[in-house]
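Protein chains in written order, with the numbering used here: chain W, 1 to 83; chain A, 1 to 83; chain G, 1 to 142; chain R, 1 to 142.
Some hints here could point you the wrong way.
[As the list claims (entries may be wrong)] The list that follows gives simulated cross-link-like pairs (lysine to aspartate or glutamate, EDC-like), each with its CA atoms no further than 16 angstroms apart:
#, chain 1, residue 1, chain 2, residue 2
1, G, K62, A, E73
2, G, K58, A, E36
3, R, K2, R, D65
4, G, K37, R, E23
[Stated by the list, open to error] Take a look, some chain G residues computed to stay more than 12 angstroms from chain A by CB distance:
#, residue
5, D12
6, A51
7, K70
Keep in mind that the hints were calculated from the coordinates and are not lab data.
Fair warning: this is a prediction, and the values are worked out from it, not measured in the lab.
We treat Cβ as the ideally placed atom computed from N, Cα and C, and that holds for glycine.
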Amino acid sequence: MKVKVLFFGATADSVGEREVRLELPDGTFADKALEEILDKCEGLRENHDVGQLHFSINQEYSNGKETICDGDELAVFTAVSGG
Amino acid sequence: MKVKVLFFGATADSVGEREVRLELPDGTFADKALEEILDKCEGLRENHDVGQLHFSINQEYSNGKETICDGDELAVFTAVSGG
Amino acid sequence: MKFFELTSEPLDVGAIARRIVPEECGATVTLDGYVRKFTKGRETDYLVYEAYEPMALKEMEKLIDKALDKYEIAAVGIVHRLGKLDIGETSVVISVSSPHRRAAFESCEWLIKELKRTVPIWKKEVYADGEVWVEGDVSGEQ
Amino acid sequence: MKFFELTSEPLDVGAIARRIVPEECGATVTLDGYVRKFTKGRETDYLVYEAYEPMALKEMEKLIDKALDKYEIAAVGIVHRLGKLDIGETSVVISVSSPHRRAAFESCEWLIKELKRTVPIWKKEVYADGEVWVEGDVSGEQ
């Protein structure tokens with residue numbers, strides 16, 4: 001299945017892209033999907049404490065346990081700093 | 001000596017005046033001056049719990065112990081309700 | 001930095017909030033107090049505010065000086081309207097700017113509480129069937 | 001009653017603060033957050049704000065719904081600006097209206113703290129000699 005992965009701010013700078021398309025095995029869990037993203041998108045592990053990165057699925061914060069579906073919109077970003 | 005006494009809001013309504021001139025003996029203390037005002041300005045004792053009235057001398061809250069001087073501007077008013 | 005004013009003109013909340021934007025600050029907290037339609041279930045028609053003007057200005061300045069001393073804040077503005085006010089119209093604006101927002105929230109709340117306790121301004125509530133000069137509540141909450 | 005928006009246009013604090021004035025309310029507390037010139041002694045040239053827009057709007061709405069549930073308040077508006085902002089320009093306005101002011105102060109402060117913790121918006125600080133994407137402080141204070 002195919003998913004879209006978005007990056008913002010510091011993660012977009014690290015990856016050098018704001019959006020990538022990834023192929024994931026059907027039924028992939030969220031925590032595994034994030035591992036895949038960290039492996040395939042160079043710059044994330046190098047530039048970030050990955051334990052501090054946030055992960056969202058279809059614009060909701062992930063708890064790591066969701067099952068990813070074809071066409072999902074994922075995103076990886078640093079701790080927010082709006083306001 | 002002569003003083004000016006101002007009333008506002010409810011005390012102005014009670015007295016029927018916004019300003020009166022009073023003659024006080026030289027060296028009158030503030031608490032005595034307030035008693036004089038309550039005696040001479042009809043409507044204050046009738047309409048107010050006099051213990052709750054505020055008294056100011058030259059635009060400063062009185063503690064009752066000041067000595068009043070000729071030409072002072074006194075004022076008697078209820079608990080404030082701005083805001 | 002401070003300003004304190006009494007006026008019979010309508011208050012422009014945004015203009016007051018943005019009048020002082022100190023470079024070292026990042027937050028301004030503004031209280032906009034206005035005329036409620038219902039007080040204790042009774043429908044207000046309009047309000048009239050009256051002040052002992054020179055004393056009110058002195059007391060406003062004292063409050064601001066105390067706040068500037070007590071809190072880590074850079075600027076305070078207080079403007080109170082007088083005269084007749086319709087429902088929804090702003091009676092008072094208190095605006096506090098600080099480097100960090102905590103102090104601005106805390107001091108703005110302290111300022112309105114103290115203003116309601118010490119600044120000689122009175123409010124008359126006018127209803128369809130009467131009117132009453134409101135006597136302040138010592139707690140300052142209302 | 002609520003509104004929540006992202007915009008690249010300058011924010012009008014007064015218009016946001018006065019957009020909702022419920023009849024049963026007497027107070028609106030507004031936080032105006034803007035660009036500080038100095039952060040930890042370093043001089044900021046300008047800021048750039050970026051958002052994950054659809055998610056940011058969802059998170060803003062969730063925060064407002066929580067606040068409306070948790071506090072005795074009648075209306076909340078949050079507007080956050082995006083793009084390049086100069087010193088002193090408003091980045092966020094949070095406005096809360098309530099019958100009694102205590103709840104408005106408390107919930108406005110809670111909302112900005114939570115917004116800084118959960119709403120996916122990021123700030124890049126640009127200095128004369130470099131730039132950095134700011135990573136949020138979990139405490140929400142800054």
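Now the hints, each set against the structure:
A threshold of 16 angstroms between alpha carbons decides the hint, and for G:K62 with A:E73 the separation of about 20 angstroms lies outside it, so the pair is violated. As the CA atoms of G:K58 and A:E36 are separated by approximately 26 angstroms, the hinted pair breaks the 16 angstroms bound. A hinted pair counts as satisfied when its Cα atoms are at most 16 angstroms apart, and R:K2 with R:D65 qualifies at roughly 9 angstroms. This hinted pair checks out: G:K37 and R:E23 have alpha carbons roughly 5 angstroms apart, not beyond 16 angstroms.
The claim that G:D12 lies off the interface holds: its Cβ sits roughly 18 angstroms from the closest Cβ of chain A, which is beyond the 12 angstroms cut-off. Not every CB of chain A is more than 12 angstroms from the CB of G:A51 (nearest about 7 angstroms), against its label as outside the interface. Non-interface status of G:K70 relative to chain A is upheld: no Cβ of that chain comes within 12 angstroms, the nearest being about 19 angstroms off.
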